[in-house]
Amino acid sequence: MNKINHDQLLSLEHPFVKVNVKSPSSIPVEKYRSALKLSQKHIEKEISNLTNTITEIIKKSAQGNVDAKQVEVALDAIITRLSTLKRKLRDIRAEESLYAQRTKVRLQHLEEFLSINSLDSDDFARWSRVRLNRILIDYMLRDGFRGSATLLAKSENIEQLVDIELFVQSGKVEQALMRYSCTECLQWCNDNKSGLKKIKSTLEFSLREQEFIELARERRTREAIAYAKKHLTPWQDTHMKEISQVMGLLAFPPDTKCHPYKRLYDKSRWTDLISQFRSNNFALQYFTPEPLLAVTLQAGLAALKTPMCYKPEHRNVNCPVCDPNMLGALATELPLSHHFNSSIVCKISGHIMNEDNLPMALPNNYVYSYNALAEMASLNNDKVTCPRTGSVYDISEIKKVFIS
Amino acid sequence: MDKFIKDYDKIIKKQHTLETNDPLDRLISVVKEAKEKIQSDPSSVNASLVNLTKSVKTTSSGISEEFKELQSLLSKYSKAVDKTFTGDMMSTLSPHAFDNKEHILRNTIATHFIRQGNFEIGDKFAQARVSSEANITVPDEIRHQFMEMFEIVAALKENNLEPALMWAMRHRSGLEKRTSTLEFKLHRQRFLQLLEAREVRLAIAYAQKNFGHFGNRHTQEIMRLMCSIIYMDHIHTSPYADLVTPNANSDLQHMFTRDFCSLIGLSCESPLYVSCTVGTQAIPTILKVSALMKAKKTEWSQQSELPVEISLTDDVKFHSIFTCPVSKEQASETNPPMMMLCGHVICQESLHKLCRGSTKLKCPYCPTESPASNAKVVHF
Numbered sequence: 001m002n003k004i005n006h007d008q009l010l011s012l013e014h015p016f017v018k019v020n021v022k023s024p025s026s027i028p029v030e031k032y033r034s035a036l037k038l039s040q041k042h043i044e045k046e047i048s049n050l051t052n053t054i055t056e057i058i059k060k061s062a063q064g065n066v067d068a069k070q071v072e073v074a075l076d077a078i079i080t081r082l083s084t085l086k087r088k089l090r091d092i093r094a095e096e097s098l099y100a101q102r103t104k105v106r107l108q109h110l111e112e113f114l115s116i117n118s119l120d121s122d123d124f125a126r127w128s129r130v131r132l133n134r135i136l137i138d139y140m141l142r143d144g145f146r147g148s149a150t151l152l153a154k155s156e157n158i159e160q161l162v163d164i165e166l167f168v169q170s171g172k173v174e175q176a177l178m179r180y181s182c183t184e185c186l187q188w189c190n191d192n193k194s195g196l197k198k199i200k201s202t203l204e205f206s207l208r209e210q211e212f213i214e215l216a217r218e219r220r221t222r223e224a225i226a227y228a229k230k231h232l233t234p235w236q237d238t239h240m241k242e243i244s245q246v247m248g249l250l251a252f253p254p255d256t257k258c259h260p261y262k263r264l265y266d267k268s269r270w271t272d273l274i275s276q277f278r279s280n281n282f283a284l285q286y287f288t289p290e291p292l293l294a295v296t297l298q299a300g301l302a303a304l305k306t307p308m309c310y311k312p313e314h315r316n317v318n319c320p321v322c323d324p325n326m327l328g329a330l331a332t333e334l335p336l337s338h339h340f341n342s343s344i345v346c347k348i349s350g351h352i353m354n355e356d357n358l359p360m361a362l363p364n365n366y367v368y369s370y371n372a373l374a375e376m377a378s379l380n381n382d383k384v385t386c387p388r389t390g391s392v393y394d395i396s397e398i399k400k401v402f403i404s
Numbered sequence: 001m002d003k004f005i006k007d008y009d010k011i012i013k014k015q016h017t018l019e020t021n022d023p024l025d026r027l028i029s030v031v032k033e034a035k036e037k038i039q040s041d042p043s044s045v046n047a048s049l050v051n052l053t054k055s056v057k058t059t060s061s062g063i064s065e066e067f068k069e070l071q072s073l074l075s076k077y078s079k080a081v082d083k084t085f086t087g088d089m090m091s092t093l094s095p096h097a098f099d100n101k102e103h104i105l106r107n108t109i110a111t112h113f114i115r116q117g118n119f120e121i122g123d124k125f126a127q128a129r130v131s132s133e134a135n136i137t138v139p140d141e142i143r144h145q146f147m148e149m150f151e152i153v154a155a156l157k158e159n160n161l162e163p164a165l166m167w168a169m170r171h172r173s174g175l176e177k178r179t180s181t182l183e184f185k186l187h188r189q190r191f192l193q194l195l196e197a198r199e200v201r202l203a204i205a206y207a208q209k210n211f212g213h214f215g216n217r218h219t220q221e222i223m224r225l226m227c228s229i230i231y232m233d234h235i236h237t238s239p240y241a242d243l244v245t246p247n248a249n250s251d252l253q254h255m256f257t258r259d260f261c262s263l264i265g266l267s268c269e270s271p272l273y274v275s276c277t278v279g280t281q282a283i284p285t286i287l288k289v290s291a292l293m294k295a296k297k298t299e300w301s302q303q304s305e306l307p308v309e310i311s312l313t314d315d316v317k318f319h320s321i322f323t324c325p326v327s328k329e330q331a332s333e334t335n336p337p338m339m340m341l342c343g344h345v346i347c348q349e350s351l352h353k354l355c356r357g358s359t360k361l362k363c364p365y366c367p368t369e370s371p372a373s374n375a376k377v378v379h380f
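Quick note, the sequences are listed as chains A and L, same order.
Residue numbers are given in the UniProt record's numbering: position 7 of the first sequence equals residue 7, and the series is strictly consecutive.
Residue numbers are given in the UniProt record's numbering: position 49 of the second sequence equals residue 49, and the series is strictly consecutive.
This is chain A alone, in the form it adopts within the complex:
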């Protein structure tokens, strides 16, 4: 019952590990992979450069117009170039080992989890706390609480387990979009061209459309047409309908009430762009489209939710769903938990009643656990008081209840 199913829980750590592996623009393994690719590219370029130079010198010396001194100078130049590149690559290399290290730390974190055997253990509680902090940081980063996220990661010493850097760049792009500027986001599209193509993103087209709309808004018709020629036409195969619609703006002023144009001019299109950018960015990083906190919390609240949670007389302070102002309010739209088996909780002690702690009925048909009643009786001359009705009985009057 309280055994951990490691495989099941581990499968949930997909984004946690995967983000390390696959994300093309940032973060551990794939960041590592791309850093590696970059240094490889640099080195290969330098090698071909080197070969060319040498071939040239050979050619020249074959013609007899180079002396040994000149060759030495040329070779020295090559050495200098190689040393410069070496310095340049040092930064990339530092990055490589940072990400390599980070992936390792995460794998170790998951391995630690595998060594925990029971859901009741302190180790599991500790692991759960770290997991909660991880998903809280994920939530805070997505919603722009970067300061709090950084502070939390630092104070809990889990910086290696979260992806703060990833949001620094995307935060900049989002802020730019909030200022009605597409430039940064277009740059981002360019940097992630192949990734975006793979997920069939239309973000770049939407941005181009927006820049066109802004020109149309300012009635800079001539520029708008030039812009459309240059930046919209490449999309004609797939987006002809949208292009012709957006071109229609030239005929309508920004304050038009006419249906499709009013919507195109609407500033809320910028908010849509932000969310489009976000979802594309998350998809590229192998992040879940919605915060993990929402998913986890929903599953947890649904598993805990009972019809009793919303009845004041059955309220249990320890039950998260019973708080009508906080999590209870959050859970209103969620399904209730489902039960094939009875589980009876003692209203006095909060403990489960079972073979080791039998359910006992008082003469007024209120049921409590044997242990709780026995303890109460031992302190009160064998008298027990029903906490819900106030009636007092002798301990000998209680009767076993059979719950099958």
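FYI, nobody ran anything at the bench for these hints, they're computed from the structure.
If you're wondering where the values come from, they're calculated on a predicted model, not measured in any experiment.
Ideal Cβ positions, reconstructed from N, Cα and C, are used throughout, including at glycine.
Okay, the calculated bits of chain L under chain A, using three or more residues with CB under 8 Å as the criterion:
id, stretch
1, 19-31
2, 60-69
3, 99-107
4, 339-350
With beta-carbon atoms standing in for the labels, derived distance ranges:
id, chain 1, residue 1, chain 2, residue 2, range
5, L, F119, A, M247, 54 to 60 Å
6, L, K76, A, L114, 18 to 24 Å
7, L, V200, A, L114, 46 to 52 Å
Go by the hints and put chain L onto chain A.
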């Protein structure tokens, strides 16, 4: 997991060799060598250059081979990760359940931090968005209460029981109503501290002064404590070893936190922590069922209820659930649990069906027969 770590270690090792045996250094040394040769023997320019071309070629092909190897290790590893970590949690999400409830969620998070004693983060989080949306607020009262609590816990950690004792005495009546033994446990701990410090005289004086109030409730315990004095020199091998367990302090902290929270009407664990921990355990089951239903192309008919039972650990079962053993339905106000004379409980509707008009009722679980009117609604 082991395999991942091993594979990853290989990658790191490979990278390390690439680092210590820098390809650029190799190239530089090849070029340098050629240069030195030319310097020492200017007539060999042509031959050395041809040589150089050759060695550059071998070095560079060696380098690209090494890169290729590392890249392929990485992509292999990445594919293995794809295969193992397959959960797609998004299918369990009710997309609109939290709509327009952002501020509730944020208040919950801010309160969570306060409850964890992370006041700095709680405040920073609460203040982050003051301008744009509804303010995140944690009532000052809760804040102050938790500050007090964490101060006392911090003192407890340092084996300073004084603040906790002061608090417990101030709230004696409330604690007693909850049948809490906190105050006695604190006195008991202080007494044991004195004994362990071999301050027997002080310990006895302390017992005389403080144990009196607990004479009725904890007679047995007090007798054991007083008797432990004579075993103090070898207490760990005596029948009183349980009095000095190393966990005593953390148990006391836990007990204090629990009683403190219960007295101010709050749960002893942060609700956010409880929900998320349960959620983490619930998601795999929900995922499995939703995948099964997808495969069978059945829809889950009761949207208002989860399609599957999530097994909870005992500490997060907060409400009595009675499922009728006959009808397998959950008891409700209109269909309450009824106890028959023999003590077996079934739901009212099942009971009526079993009677089928007769006034006599045969218990489905034991041979007892009793008048149906004798069955009583029980309250759990």
